[in-house]
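On the provided structure of chain V, position chain H as indicated by the hints.
Each protein sequence line maps, in turn, to chains V and H. Quick note on numbering: our numbering labels position 211 of the first sequence as 211, and the sequence is numbered without any gaps. Quick note on numbering: our numbering labels position 175 of the second sequence as 175, and the sequence is numbered without any gaps.
Hints in this document: simulated from the structure, not taken from any laboratory. Watch out, some of these pointers could steer you wrong.
[What the hints assert, rightly or not] Each computed BS3-like pair below joins lysine-lysine, with the alpha-carbon atoms no more than 30 Å apart:
#  : chain 1 : residue 1 : chain 2 : residue 2
1  : V       : Lys255    : V       : Lys212
2  : V       : Lys334    : H       : Lys7
3  : H       : Lys62     : H       : Lys128
4  : V       : Lys433    : V       : Lys480
5  : V       : Lys467    : V       : Lys440
6  : H       : Lys156    : V       : Lys332
7  : V       : Lys96     : V       : Lys78
8  : V       : Lys195    : V       : Lys184
9  : V       : Lys102    : V       : Lys75
10 : H       : Lys7      : V       : Lys332
11 : H       : Lys251    : V       : Lys484
12 : V       : Lys139    : V       : Lys78
13 : H       : Lys251    : V       : Lys499
14 : V       : Lys168    : V       : Lys195
15 : H       : Lys66     : V       : Lys334
16 : V       : Lys78     : V       : Lys100
17 : H       : Lys251    : V       : Lys440
18 : V       : Lys162    : V       : Lys139
19 : V       : Lys78     : V       : Lys102
20 : V       : Lys482    : H       : Lys156
21 : V       : Lys255    : V       : Lys168
22 : V       : Lys480    : H       : Lys251
23 : H       : Lys109    : V       : Lys433
24 : V       : Lys184    : V       : Lys212
25 : V       : Lys440    : V       : Lys482
26 : V       : Lys65     : V       : Lys78
[What the hints assert, rightly or not] Per label pair, the in silico range of CB-to-CB distance:
#  : chain 1 : residue 1 : chain 2 : residue 2 : range
27 : V       : Glu292    : H       : Met252    : 47 to 57 Å
28 : H       : Met252    : V       : Arg299    : 53 to 63 Å
29 : V       : Pro451    : H       : His39     : 27 to 37 Å
30 : V       : Lys467    : H       : Pro83     : 31 to 41 Å
Even glycine gets a Cβ: it sits at the ideal position worked out from N, Cα and C.
Read off the chains here:
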Amino acid sequence: MAGATGRDMRDMLGLPTEVDAPRPPPLKKQKTAEKRTAERGMAREVSALMGERAPPVAVIQTKPKYKSKSQRLQKVGKWEWAPFENQARQDGLMLKHWSKRKEAKTRPKPLEGTDGVTAPTEADGGNRTEAPAPEAPYKFARYNVQVERPSYTEEVYTNHLKKDGWSKEETDYLMDLVSEYYQKWPVVHDRYEFKPSDHSDQPKARSLEDLKARYYCVSAILLRLATPISSMNTAQYSLYETLTNFNPAEESSRKNLAAGHLTRTALEAQEEELLLKELQRIMLSQKQMEVERRDIRDRLGYPPSTNAGIAMQYNTSAALAILYQNLLAADKNKRNQRMRHTNEPANTPASAQAPQPASAGGRDGSATHRDSLSNATTTPAGRPSRASLPGPTGTANDLTPAEKARFLISPPEKAGSSISFGSDRLHRLRTMKSTTQTQKVGAVLTQLNIPETLHVPSQRVADEFEKLVGRIGMLLDLRKNKEKEENEIAIRSAEKQLKARTAAGTEGGERDESRVESSAPATSGGRRSSAQQIKLEGGDGGNRGVRKRSASLTSETSGRSSKRPKNITFALKLEWFEATILTLAQSVEDAQIARKNLVFQLAHNHRLTLTFFALVATGHQRH
Amino acid sequence: MPAPTSKRIRNTQLRRHFIIGNESYVLPHPLFPDPPDGHTKGWKVYVRPLPNGPDMTTWLKKVQLKLHHTYANASRTIEAPGPFEVSETGYGEFGVEIRLYFAPESSEKAVYREHYLVLAPYGTDEQKARQERENLVVSERLETIEFNEPTHDFFKTMVSEDQFEWLKVLEGRGKGRKKELVFHGETEPTAQLPERPIAAVHGDSGTGMAAGGAWSRLYERQVLGQLQQSGASLDQALEHERREMESRRRKMEELGMAVAAK
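Okay, chain V solo, but in the shape it has when bound (with noise of 0.2 Å):
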């Protein structure tokens, strides 16, 4: 319905028709209405629904603009329904195809016009539609292109092409089907159905490489008997080998290799990767090993003398010439350490002399002014004159050994720190990593009588220290082993002991009884005279029946050392078993309750079960 404008609805309900004020809004309304029937496409009664505004978004179809027919220039072809000839066949089967005629305006007049065409024209169309179509080639036959088909004959057959397991008769079949399918392998390995002609032979399962083989074979064998390998050029000779060298058997385990690359799954991938890394990272540190090993084996070798690499570099003359340059600089090095020992005036002319031969090329002619002049103005007090000054270079190599030696030259011992003080190399030296090694190697040199501060800091009397040192780091390392050794001594002696007395019962007992009894008096003296008596006797392994404390090894360690061992020892703790023992002993039964708690209390430690059974056995023995 249109819109239903006010006057509609008031004529609707009956309403008196308004005149005045509400004149401007039909007016309006009827503008937009207007409007809307103005739009094409769009129905009247569409618009109205939509409202008074225009949508954002104006749905206008507008007619399609087609595209202006396309203009030929050309004009249309000709085409004719003609026979052709397919060179590729060989029925002589003459098919029909549609052909273009060519316009004949450029084509070229024959020169004689041999056989007296004349030039064509428009009005000679019929005639010549025969003439290009069968002269000129079929486009497609040379796309037919025929395998090389080895062909035998019966006797070259018989002669050279047989083989187990082939007969003629497949042989042929094999050759046809191969030729037929253009030597396409997997065409013919499916088509491949041999059925031998007699009967009795099941047609064998032929593979792809089977075939392949055999037919390469045949090939190989008829080029060779075509050209002799001698006279085959080198294309010839390659496709001789390629055919030669096929290895059926090679070429299935790739395909199945190539198969199995294709089925794995994304785990064995995987596992594959980690493989080899794997294989990667040993190869690599064999190498490395090898490397390793080798330097091992040569370091415990002698050096080797001549190698070959280092002399060859002085074979030169000026190579010679450098190194003897080099040698020279290095003794003069040598000297200068010996010069200072010897720093007599005197000597500071000739020694000034004495370096300037052997002085480097730069400075000779400076070193023979000077040697001159130190030799004509020498004063009487032997004092190098002016003229041995330094060149005006004054770099520290231009200075004699001599000089050095006045001004106190040397190459540094630590490169890079500025300022070091002589003492505090003597002090470096006597203290070491540790403060107790410290201590230890201050107390042996107290005991050496060697002050505190050395007073004089001088490089000789540093380097002489620094050997000293370098001694008593080695004494205190032997003591220290030695302990150690003393420690293991005693541990075998002891077990020594425990097995001779288990060996020899009643011997041992006997002995046992001497000893503890001999102890007993002693441990209310004190632990350490026991053990002494105990480390003695195990010490002797019971060639010295004197019990005395005589100088033996083991004395000198309970001697010196104010404190007792950390670690204590075996034939220690023995000792103090059996004190306890004795001790608790004084009351038979508290005795024997004592030991056996003591023995349970010690079970965890077999070594000193087995002792301290062996002290109970002979406890009860003597009880």
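Chain H alone, transformed into the frame defined by chain V:
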């Protein structure tokens, strides 16, 4: 803008000996005219060169001696050329911190050295007796300072002949000739230690010892000798240890065999 530091000479080390020490006298002593009450000793702490050695001021420009804080102006600074000494009176011994400032050519930072001021006689009885008799207690130490990789400029100053000027005496060679510096004396001036102890050249104090003359090659040899002796006794001890070790080894083997056999 000061000139940039010259390059350093590699593989070189300059060494100089000098003496740090102190003398002490029981007061009253002519050198110390009016000591305050309670001070029993007069002392002098110093930094000296070797008597026949090169001039110290070539490398040492200033010395700062830090006395005990109870002293007024505890920090005493002495610049070149003056004798680097401080004389004071007191009654207690303490450590003097000595700060050495080097010549600017060397472009080195100052270093500290400590010296313990000794006032009472020390040493063996005989030494003590002597010290008391002479009323002089000297505690000295020879110190070597090593300049590693010196700069070019510094090197030049350190190897010039001028260093020995201070030892030379201006003397005329004859009529009409310019006066020249000539060295008199027995020992050839050199930076090395002298062969023998030399008597005091400038006569600072009476005895040659205090003037640093005691430091000689002779003394050095004595020290070396002592070290070597100790070395010898050490070697003996080492030998002893080694022999013991050998016998122990044998014993161990024995025991080992015995234990194994049984």
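Checklist line | Indices of hints not satisfied (ascending) | finding: The structure breaks hints 3, 15, 18, 20, 26, 27 and 28; every other hint is satisfied.
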